[in-house]
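S.K.: Line by line, the protein sequences are chains A and B. My numbering applies: residue 1 is where the first sequence begins, and numbers increase by one. My numbering applies: residue 530 is where the second sequence begins, and numbers increase by one.
Calculated directly from the structure, the hints in this document are not laboratory data. Don't take each hint at face value.
What the hints assert, rightly or not - Derived, one-sided and incomplete: chain B residues facing chain A with beta-carbon distance under 7 Å:
hint : residue
1    : LYS1138
2    : LEU1140
3    : LEU1189
4    : LEU1219
5    : GLY1222
To be verified - Taking lysine to aspartate or glutamate and the DMTMM-like style, the derived pairs with C-alpha atoms no more than 25 Å apart in a straight line are:
hint : chain 1 : residue 1 : chain 2 : residue 2
6    : B       : LYS1160   : B       : ASP1129
7    : B       : LYS1145   : B       : ASP1155
8    : B       : LYS995    : B       : GLU901
9    : A       : LYS434    : A       : ASP457
10   : A       : LYS434    : B       : GLU901
11   : B       : LYS1196   : A       : GLU161
12   : A       : LYS434    : B       : ASP1178
13   : B       : LYS1196   : A       : ASP361
14   : B       : LYS1126   : B       : GLU989
15   : B       : LYS614    : B       : ASP705
16   : B       : LYS921    : B       : GLU900
17   : A       : LYS434    : A       : ASP361
What the hints assert, rightly or not - Pairwise CB distance ranges (calculated):
hint : chain 1 : residue 1 : chain 2 : residue 2 : range
18   : B       : LYS1167   : A       : ASP156    : 56 to 62 Å
19   : B       : ASN1200   : A       : ALA12     : 46 to 52 Å
20   : A       : ALA12     : B       : GLY1212   : 39 to 45 Å
21   : B       : PHE1205   : A       : GLN408    : 22 to 28 Å
22   : B       : GLN708    : A       : GLU443    : 38 to 44 Å
23   : A       : ASP156    : B       : VAL1187   : 53 to 59 Å
24   : A       : GLU443    : B       : GLY652    : 58 to 64 Å
25   : A       : LEU416    : B       : GLY1212   : 44 to 50 Å
The structure displayed is predicted, hence computed values, not measured ones. Note that CB positions come from ideal geometry on N, CA and C, so glycine has one too.
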Amino acid sequence: MDFTNLASQLNAGIILPEGIVVATLLVVLVGDLIAGRASTRWTPYATMAGLSLAIVALIYQWDTATPLSFLGSFMGDDLSIVFRGIIVLSAIATVPMSIRYIEQSGTSLAEFLVIMMTATLGGMFLSGANDLVTIFVALETLSISSYLLTGYMKRDPRSNEAALKYLLIGAASSAIFLYGMSLLYGLSGGKMKLLEISQSFVAADSDAPIGIIVALVFVIAGIAFKIAAVPFHQWTPDVYEGSPTPVVAFLSVGSKTAGFALAIRLLVAVFPVVSEQWHFVFTALAILSMVLGNVVALAQTSMKRLLAYSSIAQAGFLMIGLVVGTEAGYSSMIFYLLIYLFMNLGGFTCVILFSLRTGTDQISEYSGLYQKDPLLTLCLSICLLSLGGIPPLAGFFGKLYIFWAGWQAGAYGLVLVGLVTSVISIYYYIRVVKMMVVKEPQEMSDAISNYPEVRWDLPGLRPLQVSLILAVVATSLAGILSNPLFTLANNSVSHTPLLQAAIDQQQAPKAVVPPVATIAPAVTSVAQR
Amino acid sequence: MELIEPIYQYAWLVPVLPLVGAAIVGTGLISYSQTTSTLRRPSAVFIVSLTGAAMVLSFLLFFSQVQGHEVYTRTFEWASAGDFKLTMGYTIDHLAALMLVIVTTVAFLVMVYTDGYMAHDPGYVRFYAYLSLFSSSMLGLVISPNLLQIYVFWELVGMCSYLLIGFWYGRDGAADACQKAFITNRVGDFGLLLGMLALFWATGSFEFDVMGERLTALVENGSLTAGVATIFAVLIFLGPMAKSAQFPLHVWLPDAMEGPTPISALIHAATMVAAGIFLVARMFPVFEDLPTVMTAIAWVGCFTAFMGASIAITQNDIKKGLAYSTMSQLGYMMLAMGVGAYGAGLFHLMTHAYFKAMLFLCSGSVIHGMEEVVGHDPLLAQDMRLMGGLRKYMPITSATFLVGTLAICGIPPFAGFWSKDEILGSTFAVSPVLWAIGWLTAGITAFYMFRMYFSTFEGEFRGTNKEIQTQLKREQLMAMGASLGPGAMNPQELTLDAEAEHGEDHHAATPHESPISMTLPLVALAVPSVLIGLVGTPFVNYFEAFIHPPSEEVEALLPWSEAFAEFEWSEFILMAGSSVGIGLIGISLAILMYAQKKIDPAAIANQIKPLYQLSKNKWYIDEIYDAVFVKGCRGLAKQTLTMDVRIVDGIVNLAGFVTLVTGEGLKYLENGRAQFYALIVFGAVLGLVLVSGIT
């Protein structure tokens, strides 16, 4: 009785999806302990089933009347649902990739799944976190499990090196982030909830004091580390190269999505007073990411490093949507994230498949792949071309919407940089495609000439094949049939009061009463109920 | 009336019947190529009978129009968007009925003729399919109720012409000629399209009379200056200019003679080239109120008439000679249109269609006969220097050719006399200068036509003369060598004689008369060539009463006896007498030079060398075009290419190079040392704080 009462007071139903993930995690963990190695046959499917159940729960929470839970610590609005959905989807997609990969490396699969689900959990909480403590705890849950995943190949020195680097840089950026949060706590006079902090800033009515700016930059450093924005990106290539490829796939999509969720919530809710400054900082980060990510990607020889730089550049494109701050901007960014989920994970699935069959990631080894494995070539080509933004694939429409939103909002410089750098990006994506398709049989690389017979009936390959086909189909069709996805992205923005307020403020910067102040009492009253 | 109405309701069958034939045979050719190609006779009979049916229907329509049936128009909405509507349909008026009859009769006879002419050609069935498609397009063109639909069929006949000129696509000459024809026509069609759209923009209609009325109204109330209206009209005129081979877009017509001769007769003499005249006639409501345009049309026509005739004098290829003659006659028609003699121009169109189709078919018959002797080489079979004396071997052909020649020379009472005389008479009333040129041209026409007749049918047969054959081949090689570049010793020259010897063995020593399927159409065409002119005599002009501009009222015709009494004889005798006179002078000259050989043509040619060369080289128009347009285009293209390679590619390559170098350079920031990464993180934080704190 008491428990039910407590649960309803806390509005704990909002975190039902997370609860399902925790339950799945426990089932897999305990099941593995009991069944031992035999559990590998069912744990991945149990994981996928549990995560899918979480998605279903998320769908049922769409447009919930009382999104605020745990006394205002967690916000289950539509925005967070979309981000949590993307994170869970990326986790679901990572599972089939990892089955064969982990099997082949001879480590335990169930532990991997458990750690990955923990990371997912962290990402999900981060997407909805509404006070400083929840944010930090969720962020660290995500980060620490990511470090563990990165170093999961215990016998591989590269994996160890990657994990250590990731840990060190991650710790440094966490430290900066935490420092920024403590500044916020102090400057706001001991407030923890995001909106309360911003209210106190508004009440103080000082014109962008240096303290808030320092706090802003420190917080951004933490976020930028998560989304791998230049100049906080340098861990990315090293970590991506050393870690197990499924982990890279998850990091490049799931972890990045969580970073963007955090960025939107934190910046929009806490920093309206210094919105000019944070827009400026993000503009700089976006431009640097687009330019550096795309340009350095040209010089890469390893496929995983190439995709690492590509993901840095993609984050740059995504930041355009964040920077313009209009409704179209936010929704095109969410739309692009959805598309990016399919095309990037599809690409990584192909890379994993290739390395499973040949044991290498070098781009030059891909030459002549078409002769031996046309299906893999086709899938990888579609994903890469979509990443490069070639019509009619999904990536083209994603870029189109983002650039269009940016152009409408008057961010001409950003859009131009985006256009120029996406032209550059097409070069390195197509280089790989050309390598695979165009080469004559005699120019075939050693890896290709010794290419094993294409078999899908090895354990763990069937789910990989299915997920690959699904990702490629989604990448091919999501652009042409983009309407449902785009409606979803639009609704998630228009149904979120936080973003609506920010958009209104952006459109009418000279409004006498800041809209945040008008919404905040309503929110707090909900919280106090 | 109950009997007549269904004819009009089913008038659309006229173009559709040949289309059905073309579609069925064409589908057969595409799907079951082998089988269809062997069904030669059935395909031919099928297509010819469909055309025959269309002809019967056309005649019915024509007679009903003659009896005074009102104009019948049926349209349906083809496309509509808001208040923008496009209609399609057909209209049967006097002009359309007349054109239907001309086109179907000539097409029918040419199809019959084709059976004999193409008997040994492997592309026999394909040829019939093309012919049928062409007939269908041409018939669709003449019954079009508006400019837009005319344009559609205009392009279709252009395409058919392309297909048929290049029928023997294996021959270089034919392949080049069909492209030349197509591209030259593109120039004109582009003008037509622009003019059409401009007129639609100005008047909001594609209907001829509506366009004319509104344009006149616009010019009158000053919302459109006369200059702009003139530009629109001239743009429209570019279309007829190309299609009817008027200077300066005439260059394709002589080359078009690379096509099989029935095509030359049907398309490039009787029907398609007349489409330009037809369009001018249709656009008459637009043109007639713009004096500048009318003058331009008259001068273009007059100049073309003279130029064509002057070139025809020196041609040795029988078909080329006839081609320039066609161009010259088309010039006459254009001249008539330009001076406002609408009826006279269309009258000449009709008479010319019959006698020129016949002349071309005669030339085909001659070539067919010559091929027996000299082999299937157009160079030899078409050259008049190898002919001569053919009257003995080909009596029907020579007789009909003579009829045609007399008709084109304007000797009464043959058809050409009446129409040409009417044109010259109307021209004199407008401008004596134009008349003088036209009159002179009539003399030249008589001269070159009789030169052609005498060289071909009279005198000794020279077909077996090896010397001339060798000389002809040498000339051709020299022409080719010249185009390849001087100084190159041609190894083929050495083998010439041996080849010539070898080639003769299988051939007959004398030509023979063509089969009945070829001579019958000749005879059939000879009848209108002689008689058709009588419907348009200046005494009682039935033709003028039937065909006149929409804006003009024509007086009721008088009975013959009264007409004779009231007719102004003195003027007629003066005009007709002078044109017949100069024609006779031309003929006498031709007799002296080519029949009796009293004057040596070579001597005269040497005396007026520059003029001779000018004529022989077709006024150097091809060379000028080659230098200006072809070389100019190539030069421009080369320069653009250089520009593209040097500057554009340079910039692109530089950009790519810089990007790659930057990428390679920045790569080294990634040195793998974690402490360095952390340093950058802290440095970046500090930098961002500083920058955003200061701004």
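S.K.: Hint by hint, note whether the structure agrees.
M.R.: Evaluation of the provided hints:
1. LYS1138: 63 Å, violated
2. LEU1140: With a minimum Cβ separation of about 63 Å from chain A (threshold 7 Å), the hint on LEU1140/B is violated.
3. LEU1189: Hint on LEU1189/B: holds, closest Cβ of chain A at ~6 Å, below 7 Å.
4. LEU1219: 9 Å, violated
5. GLY1222: With Cβ-Cβ at 5 Å, under 7 Å, it holds.
6. LYS1160/B <-> ASP1129/B: 39 Å, violated
7. LYS1145/B <-> ASP1155/B: 17 Å, holds
8. LYS995/B <-> GLU901/B: Holds. LYS995/B to GLU901/B sits at ~15 Å (cutoff 25 Å).
9. LYS434/A <-> ASP457/A: 29 Å, violated
10. LYS434/A <-> GLU901/B: 61 Å, violated
11. LYS1196/B <-> GLU161/A: Within the cut-off at roughly 19 Å; holds.
12. LYS434/A <-> ASP1178/B: Answer holds: LYS434/A to ASP1178/B is near 21 Å, not above 25 Å.
13. LYS1196/B <-> ASP361/A: 18 Å, holds
14. LYS1126/B <-> GLU989/B: Roughly 12 Å separates the two Cα atoms, so the pair holds.
15. LYS614/B <-> ASP705/B: Violated: LYS614/B and ASP705/B sit about 40 Å apart, past 25 Å.
16. LYS921/B <-> GLU900/B: 17 Å, holds
17. LYS434/A <-> ASP361/A: 16 Å, holds
18. LYS1167/B <-> ASP156/A: 56 to 62 Å: At 60 Å between Cβs, range holds.
19. ASN1200/B <-> ALA12/A: 46 to 52 Å: 49 Å, holds
20. ALA12/A <-> GLY1212/B: 39 to 45 Å: 44 Å, holds
21. PHE1205/B <-> GLN408/A: 22 to 28 Å: For GLN408/A against PHE1205/B, whose Cβ atoms are near 41 Å apart, the range 22 to 28 Å is violated.
22. GLN708/B <-> GLU443/A: 38 to 44 Å: Hint holds: Cβ distance 41 Å, inside 38 to 44 Å.
23. ASP156/A <-> VAL1187/B: 53 to 59 Å: 38 Å, violated
24. GLU443/A <-> GLY652/B: 58 to 64 Å: Check failed, 46 Å falls outside 58 to 64 Å.
25. LEU416/A <-> GLY1212/B: 44 to 50 Å: 28 Å, violated
The structure does not agree with the numbered hints 1, 2, 4, 6, 9, 10, 15, 21, 23, 24, 25 stated previously, though it agrees with the rest.
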